Amino acid sequence: MQKGKKRFSLAITALTALSVALSGCGGGGSAASGGEGTSEKPVELIWYTIGTPQKDVDTVMAEVSKYTTEKIGATVTMKMIDWGDYQQKMQVMVASGEPMDIIFTSSGGFDYVQNARKGAFMELDSLIEEYGQDLKNTIDPAFLEGSKVDGHNYAIPANKELPQQEVWRFNQNLIDEYKMDTSGVRTLDSLEPLLKTIKENAPDVTPFAMDKNYIPYVPYDYVIQNLPMAVKLDTTDYKVVNILETPEMKEALTTMRKYYQAGYIAPEAATTGSTSDLGTSGKWLLDRAQTQPFADNVWSTSNGYPITSTPASDAIITNNSVQGSMMAISANSEYPEKAMQFLNLLNTDATLRNMVDSGIEGTHYKKTADNRMENLPESKNYDMPSYSLGNNMLLNLNPNDPDNKWDEFKTFNESGVDSPILSFNFDPKNVSSELAAVQNVKEQFWSSLMTGTVDPETYLPQAIEKFNQAGLEKVMAEAQTQLDAWKAENGK
Amino acid sequence: MANFLKNLSRNKALLFMVLPGTIWFFFFSYLPLAGTIVAFKEYRFSRDGFWASIFRSEWVGWDNFKFLFSTDDAFTITRNTLLYNLAFILLGLVFSVLLAIILSELVNRKLSKIYQTGMFLPYFLSWVIVGYFVFSFLSMDRGLLNQILGWFGVGPIQWYSEAAYWPYILIIVNLWKSIGYSSVVYLAAILGIDKSLYEAAMIDGANKWQQIRRITIPMLTPIITIMTLLAVGKIFYADFGLFYQVPRDSGTLYAVTNVIDTYVYRGLMTTGEIGMSAAAGLYQSVVGFVLVILSNYVVRRMDKDSALF
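Note that the protein sequences, when read in sequence, are chains H and Z. With the working numbering, letter number 87 in the first sequence gets 163, and the count goes up by one each step, no holes. With the working numbering, letter number 85 in the second sequence gets 1497, and the count goes up by one each step, no holes.
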C-alpha cells in the first residue's frame, strides 16, 4: 500500500511537470449556402487580407455589403491577419480547408507562385474572360501577363507602381550640414567620399545604414528571391549563373568589406533585423531602398525630416514587382463567380475602392474635392494598407498629394524595362530537398558576406563550395532546363 | 467484464481526475497521429478540405526525409542537438538539485521564498526577450561585456561572429532560464520527505552533509529518474527559441548553433513543403520514442521501482 501511494504521487508530479504547455485551436463558422446571389438573397463572400486588424472593419464592411448587395448580390466579410502572422496562419487555414473566398497573396505574404502550384487558388482564366472584362481594360496589362503561373492567372494584381527601382536615400539634414553633393552618386563606389566625410566629422552617426537583408545591387534578376541563382538583365543567352561567381558581385563584396572595415557600416549589421531606430533618431547618412513616384515626400513625412534620393539602378519590371500585391480566389470558394464579380468591381469602381480603403464618408474621412479627401480622427479605427487592397489608381488623393500623382505613376510604369525572365516562374518540385539544403547554406553565409562583416577573400570560395555541396548546381541545372523550355515556348 | 465495471466504479474518483488530461492527450497527441501520413506524401490542397487533401496527395515514399540527410549538415545538426541536450540534462539536474537542497536548508522561510521567485522569473520570459538581454551583454560596440573587457585592456570581441564561445553562452543562458523551474519540482519533493528521518539521523549524530547524502538524495532518486527519463525523450528536440533568437540567427555561428529544429525551419521557409516538415517531426518523434524505451529499459534493469513503466 505504501508503495502504491508513492507511485501515485510520483505519477501526479510527473503529470504536472508534463502538462505545462497548452495550445489553442480555433474553429470557424461556415459560409451561407443555398443563396442565389441576387440583391434580395445575397451570398456571403469571406475575404482574408493582410494588415493589423482594425476596430471598425465590421462596421465598414456592413456599409460595403449594402453597396455590393445592390451591385452584384453579395455581402462581404473581411478578416484581417496581422503582418507577421499572415504567412503562417494562412498556410494552416488553407491546409485545413477553412471556408474562404478571396485571399490576399503576394511574393512575400502567403507566397503566390508556390501556393498557386499547390492548388490553393482557383485558376481564373475563364472567370476573367466572363466577369472581368472591365478589369482587364483598367489595369496595366503587364500585371496580368507577369503574374501568370505556368501560363494561367491565379490572382488579380493590384494596379500600382509596376517596375522596381533601387535608389540611394539621403538624410538631407546631414547632406546640407556638411555641404555634400549627391548629384554624381549612382554606383556603390561613388558613395565613398560621402561616407568618409561623415565618419570623420560625425562619429556618432551610422554612415551606411542597413539591416541583415541588405544585398548590394547587381544588374541581375534572381530566379528565386534571395537565392544565388540569377540571370543577367542584358542577357542574350538566358544563362542561369551563381550570383556569387559573377565579377559584379565579387567587386561589390570587396567594396562592402572595405566599407565595413572603415567603420562606415554598423558592426552588428549582419544580425540587425531593422534600422527603424536609426530612422527615428536621424543618426544615419544614407541607405538603399525601392522607390516609387513621390517616394521622397512619403519618406520625409513618415520620418519627420527631409529625405532625398538618387537612382541606384534602372527601373526594371520583375516577377517580384508585378506580384507585389494580389487577390486570389480560394480553391474551395463556394461562389467563385461572385468573388470574381466582386474583384472586378473592386478594381474598377472608385466608390467601392475608396470605401474599402478609407471607410465611411463622414465618419472616417471627409471629401474636400471631387477626388480629394482628408482623414477624420475616427480613421485611426480604420487605417488600412492601401497597396494591398486593389487598384491604387482609383484612390482619392490625400491633402499633400500632387494633382498629377497617378499620372506620374503611369509615366513611371511606362519607363520600366522588362526583366528578361519576367513571368518565368521556377518550379522547385524536382529539387525541393536540395533547395532546403541550399537555403540553409544561404542563411549561413549570406548576411555576413553581403554586409562586409567577413572577408570575401576567404569566405566567398567557402560559400560557393558549400552551396555546390548542398546541390546548388543541380538546382541551377534544373532552372536552366525550365528556363530554356520557357524561352522556346515564348519565342524569346 | 463484470470485473472491469467493478474496477471502474471503485476507482471512479481517480478516473474522473485523469479525465481532463486524457482528453487533452487524445485530442493533441493521439488524434494527430493519423496526420503523420503526410510525411510520405507530396501535400497538395484539395477543395474538399484537409482529409481530402491528404488522400488525394501523391505518395512519394521516403523522398520527404531526404533533405535531412542530404548534406554534411546532417551530422552537425544531429551532433549539436544531442550534445547540447545532454549538457542541459546533466548540468540542469546537478544545479537544480543543488539549488533545491540549498533552498530547503535555508532557515529564513521568507528569504527562501524571495530567492525562489527570483530564480523562477526567467522561466516565464520569452526567448525573444532573453535574446535582447543577451545582446545587451554581447553587442560589439555597446555591449556590457566588451566594455568590461575594455577596462582590462582587452580589445572588443565580435561575439556574434566567434563560434568558439557559443557552446558556453548557450548552456549558461539555458541553465539560467530553466533551473528555477526544475528546482521547484525537486524542492517540493524534498519538503515531502518525512521529517522524522532527519530527526532520527540527528539523534544518531549525523551531520548536515551526511543527512543530505544518506537521506535527501536517495529519497529524491525516483523523481530525478522520472524527470531525466522525460528529458531524454525530448533529447532530439531542440529549444527553437534558444538556438534561433539568442544567437540572433547569425550565420557565422551555425557550426555550433544549428540544430534539427532551426535547420528544418530555415530549409522549409522557401518551399513551405508541409510533407517535409511532417517528415522531420516524425523522425524526431521516432528517435525520441526509441530513446525513452531504451533508457527506461536500462533503468528497469538497475532499479525496478524507479522505472517509468
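The hints are simulated quantities; they were obtained by calculation from the structure and are not laboratory data. Any given hint could be a false lead.
To be verified - 25 Å max Cα-Cα, derived BS3-like pairs, lysine-lysine:
| hint | chain 1 | residue 1 | chain 2 | residue 2 |
| --- | --- | --- | --- | --- |
| 1 | H | Lys131 | H | Lys155 |
| 2 | H | Lys550 | H | Lys563 |
| 3 | Z | Lys1522 | Z | Lys1620 |
| 4 | H | Lys542 | Z | Lys1620 |
| 5 | H | Lys550 | Z | Lys1478 |
| 6 | H | Lys315 | H | Lys505 |
| 7 | H | Lys505 | Z | Lys1478 |
| 8 | H | Lys359 | H | Lys334 |
| 9 | Z | Lys1607 | Z | Lys1525 |
None of these values were measured; they are calculated from a predicted model.
Fill in: Earlier hints that do not hold, by number
Number 4 only.
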